[in-house]
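Our numbering applies: residue 71 is where the sequence shown begins, and numbers increase by one.
Derived by calculation from the structure, the hints in this document are not laboratory data. Take the hints with a grain of salt, since some may be wrong.
Cut-off 20 Å, straight-line C-alpha distance, at most; resulting in silico cross-link-like pairs (EDC-like, lysine to aspartate or glutamate) [said to hold, decoys possible]:
1) K588 x E599
2) K225 x E189
3) K588 x E542
All values reported here derive from a predicted model rather than from experimental measurement.
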Amino acid sequence: MRKNCDATNYAGIVDMLINIANVLRDQEKYNEAIEFQQQALMIREQHYPSDDVNIAYSLSSIATILNKQRQHDEALEFYQRALEIYEKSCPSNSDAIANGLIDIADILNQQGKYEEAIEFQQRALTIREDNYSSCHEKIADSLNRIGEIRFGQRKYDLALDCYQRALSVLERCFPCGHVDIARSLQHIGIILNVQGKHDEALDFHQRAMIIYQQYYPSDHPTIASCLANIGNTLTEQEKYDEALDFCQRAVAIYEQYYPSGHANLATCLAYIGNILTDQTKYDAALDVYYRAVAFYKKYAPNHTDMVTCLDNIAEVLRGQRKYDEALEFQQQALTVLKSNSPSDRLRIARDLKNIGNNLFQQTKYDESVDFYQQALTLFEEYYPDDHIEITDCLYWIAANFNRNFHFDLAIEYLERCLLINEASLSPKDLVITNLLNCLSQVHTTRDEHEVSVLYEQNCFLMRLKTLPPDHEDIGHSLSNIGEIYENLQNPTLALDNYQQALAIYRKCLHPWHNELWKMQSNIERLLEELEAQAD
Numbered sequence: 071m072r073k074n075c076d077a078t079n080y081a082g083i084v085d086m087l088i089n090i091a092n093v094l095r096d097q098e099k100y101n102e103a104i105e106f107q108q109q110a111l112m113i114r115e116q117h118y119p120s121d122d123v124n125i126a127y128s129l130s131s132i133a134t135i136l137n138k139q140r141q142h143d144e145a146l147e148f149y150q151r152a153l154e155i156y157e158k159s160c161p162s163n164s165d166a167i168a169n170g171l172i173d174i175a176d177i178l179n180q181q182g183k184y185e186e187a188i189e190f191q192q193r194a195l196t197i198r199e200d201n202y203s204s205c206h207e208k209i210a211d212s213l214n215r216i217g218e219i220r221f222g223q224r225k226y227d228l229a230l231d232c233y234q235r236a237l238s239v240l241e242r243c244f245p246c247g248h249v250d251i252a253r254s255l256q257h258i259g260i261i262l263n264v265q266g267k268h269d270e271a272l273d274f275h276q277r278a279m280i281i282y283q284q285y286y287p288s289d290h291p292t293i294a295s296c297l298a299n300i301g302n303t304l305t306e307q308e309k310y311d312e313a314l315d316f317c318q319r320a321v322a323i324y325e326q327y328y329p330s331g332h333a334n335l336a337t338c339l340a341y342i343g344n345i346l347t348d349q350t351k352y353d354a355a356l357d358v359y360y361r362a363v364a365f366y367k368k369y370a371p372n373h374t375d376m377v378t379c380l381d382n383i384a385e386v387l388r389g390q391r392k393y394d395e396a397l398e399f400q401q402q403a404l405t406v407l408k409s410n411s412p413s414d415r416l417r418i419a420r421d422l423k424n425i426g427n428n429l430f431q432q433t434k435y436d437e438s439v440d441f442y443q444q445a446l447t448l449f450e451e452y453y454p455d456d457h458i459e460i461t462d463c464l465y466w467i468a469a470n471f472n473r474n475f476h477f478d479l480a481i482e483y484l485e486r487c488l489l490i491n492e493a494s495l496s497p498k499d500l501v502i503t504n505l506l507n508c509l510s511q512v513h514t515t516r517d518e519h520e521v522s523v524l525y526e527q528n529c530f531l532m533r534l535k536t537l538p539p540d541h542e543d544i545g546h547s548l549s550n551i552g553e554i555y556e557n558l559q560n561p562t563l564a565l566d567n568y569q570q571a572l573a574i575y576r577k578c579l580h581p582w583h584n585e586l587w588k589m590q591s592n593i594e595r596l597l598e599e600l601e602a603q604a605d
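Generate the whole structure from the sequences, applying the supplied hints.
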């Protein structure tokens, strides 16, 4: 085994190679940077024991670059090799081991392996808790990292708990205030906003702003970030003019600080686009969204918020009935999502659904079914308990088959949808009544009136138990039953149901409403027919 001191002759060369690699990394010349780091690693492997920490440093540096290249599997392998060395050669170096665990957790988080990532972060937290006081900032750092993973899992209560614990640690660590406290306040504010607790969220963002203003000049991008968060929260409160003011102030700071553009500027512009959309200023919203996407593509093509922005553009265009243009942006969003966040299957499935719905509006039923089927496969495999998403896919697949005159398939998917809803929803949930009505209509289309009337009668009975006795939908059920009995050549029962429907319509509809006049016409016609038969 070579002695470590032999390597000192090469230390200067290694340092030079690493410095060059770091410069290339900062220039985003990642392949060249890795070449120099690998040269440094080779020299260290020749002159140090295989478990020397210097080798671990090189392995970690290479992993960091691979991570920036989104080569997560390769990066994970290098980080794991580095951690093995830390644990073997310097078990007392708690910082190195904890940092190695955190590096691995970060990769796993990016791969969507959230529970594994949590496990590594928890191990790092345990090490830090064993080696630092309960109010040390590194403990807060670990709690914040766990909170970030929980947020990515959409487990907002768990994320909030972690962020609140981190805040408590930081407030004890820095009783006179600190920017890290402000960051924790922002994290909490963001979660509260997602949870619909907008007043509380606003309070946390405003507390963060007070701290930031003590540490940063008024034109600092951190101030802009806080302004944007406040604006986003005000948007959720439907205080659009105030929200717009805060976001525009944030944009002004970003434009001054990043004159050529930046991802944060793109995000803030997207917030403004959301506000303008809510104000129904659609053309203005599109202009702002387009600017945001341009900045994302230039400065952060892998940014997850770009997907949101593309989806928002598509939604506005769909509202304007520009379906082809909307589809183009939806497909862009899906491509970015699959490329950069392949593990975010929930979001991918929802984007597939959105494309399916757009194609349905364009009467492209075969294509629409394909996208809904892809979404359904993801939901059933990865989110089998998400009955709302699964049944929504089943319903729209059935709707596509119905429009394409594939009635057997439409019935099959509607029955699957009904079965899940009956098992997962309240017996009084009106979603079930709507499905019963749909099944009745499809069977009517197939001239299967005996089956159709059973579904419609079940629908009627559920509505009768759930809705007020003079509700319009009860009238609709009676009207539908009347039509089915006409198809079954039973005018007496048809007339009885029409008369009951008319009595309800007279209580809940305007005297000139079309449904009311339709019932009166049906009743008069059947009375004449029955009278003629009697004669």
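A quick look at each hint next to the structure:
1. Simply put, K588 and E599 have alpha-carbon atoms about 16 Å apart, close enough for the 20 Å limit, and the pair holds.
2. Restraint check for K225 and E189: satisfied, since their Cα atoms lie roughly 16 Å apart, inside the 20 Å limit.
3. Using a Cα cut-off of 20 Å, the hinted pair K588 and E542 holds, with the two alpha carbons roughly 14 Å apart.
The structure shown violates none of the earlier numbered hints.
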